[in-house]
Every structure is written in C-alpha cells, then in structure tokens.
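Asker: Sequence:
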Amino acid sequence: MFFYDPYQAARNVVSLRKARATRPDPQPSDEPADPFDANFQALHWAVVCADNSASWPRDPARYRHDAIRDGARLPLYGDFTSNITPCAFWPRGAEPATRVSNTVGALILQNQWDSQTPAASGRAMHRALRGSCLFQVRGGRDHGVYGIPSTPVCATITVNTYLVTGRLPSGDITCRTSREEHAPRPAPFRSRWESPGTFLGLPAPPSGTSVKQLKGHSHRSATIGHSSWQVTAFAGLFRDM
Numbered sequence: 047m048f049f050y051d052p053y054q055a056a057r058n059v060v061s062l063r064k065a066r067a068t069r070p071d072p073q074p075s076d077e078p079a080d081p082f083d084a085n086f087q088a089l090h091w092a093v094v095c096a097d098n099s100a101s102w103p104r105d106p107a108r109y110r111h112d113a114i115r116d117g118a119r120l121p122l123y124g125d126f127t128s129n130i131t132p133c134a135f136w137p138r139g140a141e142p143a144t145r146v147s148n149t150v151g152a153l154i155l156q157n158q159w160d161s162q163t164p165a166a167s168g169r170a171m172h173r174a175l176r177g178s179c180l181f182q183v184r185g186g187r188d189h190g191v192y193g194i195p196s197t198p199v200c201a202t203i204t205v206n207t208y209l210v211t212g213r214l215p216s217g218d219i220t221c222r223t224s225r226e227e228h229a230p231r232p233a234p235f236r237s238r239w240e241s242p243g244t245f246l247g248l249p250a251p252p253s254g255t256s257v258k259q260l261k262g263h264s265h266r267s268a269t270i271g272h273s274s275w276q277v278t279a280f281a282g283l284f285r286d287m
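FYI, the numbering for the sequence shown is 47 to 287, going by the numbering used here.
I should point out that these hints are in silico values taken from the structure, not numbers from a laboratory.
Careful: at least some of the hints might be erroneous.
[As the list claims (entries may be wrong)] Derived CB-CB ranges, DEER-like:
(1) 167 / 195: 20 to 28 Å
(2) 141 / 185: 17 to 25 Å
(3) 66 / 173: 17 to 25 Å
(4) 218 / 145: 19 to 27 Å
(5) 76 / 129: 37 to 45 Å
Because the structure is a prediction, the values reported are computed rather than measured.
All C-beta atoms in this analysis are idealised placements derived from N, C-alpha and C, irrespective of residue type, glycine included.
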C-alpha cells in the first residue's frame, strides 16, 4: 500500500477496512508481472539496501519479532512494514557516501504533502546544503515537483531558469498549486509550453551551437535526487564532453 497521494491513501484504507469483512479470493492471479514493476522493484531495493547496508539487521528472527510486535500495535499495515526484506541479505561493501560540496548552490524542490519524503526532509536538506534555495509548493501532494502533469507554472519557470542559466532565485520561494492549473505534458523533443526558438521556456542557443560552445556558455545542470525532494544540481554537465 505504498502511495504517492494522501487522498489516495485515505481511499485505500477505507477499501482495506471494507475488505476485512469479506473472504479473500482463494484463486491467485495467473497474469504475468508487469516488466516495469519488476524493474522498478529491483532498482528500489538496490538503492534502499545499498545506501546503508550496515543499518539492516541480518538475523531473520529480529524481523519476526518486530513484525509480531508492530502487527499488534498497527493491525492494518504494521507487520508488513516491519517484516523481512532483501536488505537483510544484501551484500555489504557499498561505496562510501559521496560528499556534496557547496561550491554551487542547489535548488531544492519540495511539495508540502509529499507522502514519501516529508517536507521536514526537504527543509533539512536545505539547511545541510549551505547556499541552497528551497522551493516549496504549498498544497502540493505529489511525489515530485518538476516535469510532471501537476507541476505548477511557477515551478516550471523557476526550474527552467535555473537549469538554463545556473541562477538561483534571490531567496526561498513558496508557490501555491492548483490541481486544475498545471503545466501540460511535454511532447517529444519540445514541450508544448515552449515556442519555436526557445529551450525550456527560455531563449534557445543559436542554431548550430556545439556542445563545446555550450561548455563555455555558463555551466549546464543536471537534476539529481531521490524522491522526497528533488535536488537540481548545477554541476557542469558538459565538463567531460
């Protein structure tokens, strides 16, 4: 019951409570797994387990104990979240964590109601990265801010400006969102909110501009980050090209 929207989570809880009063279907589904789901799960566990492999208990009995305890305390979902995962058997020896410098200011994007990575995490990242700028979307409840159908126009403009020019806003920004008013879905090669002669909503480089010329035209950027908050890192993308 992982969810990306608190409203959907509430509906899921209602459905589960109703289902508890009925008998489950004894016939398992014989439909093949969606390849996307399989790949997504493999990547998910690779990130979650390897990020800090030393923090996961190795004794299966520990998980059994925790699942029984949390199942009693939180009967809807507690035993599932405390049960054993592939991380209990994940090989140790992940590479050391990368130290992030503050030589270039980062733009941190955070939705107010992101259910997977709460707003407190985005604010903590902002404090940890000196010289960063925090862009918060009041009322935003998706798991991600930029480049999705619910992206508010204010976020699109701010992030596009940062990606193209490397300039941060003069200060932290709080922007309202509207479920009825958001940026359209991008079309292949050129998003629909762009007009000819623009790149990401800003004036495009002259026709025929090479990568080497772009290298000297300010720095370019890359978007990194894991869920909860998106960290748009201005990192000299073309440095080695």
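Asker: Work down the list of hints and note, for each, if the structure agrees.
Answerer: Hints, one by one, checked against the model:
no.	hint	result
1	167 / 195: 20 to 28 Å	holds (23 Å)
2	141 / 185: 17 to 25 Å	violated (38 Å)
3	66 / 173: 17 to 25 Å	violated (42 Å)
4	218 / 145: 19 to 27 Å	holds (24 Å)
5	76 / 129: 37 to 45 Å	violated (25 Å)
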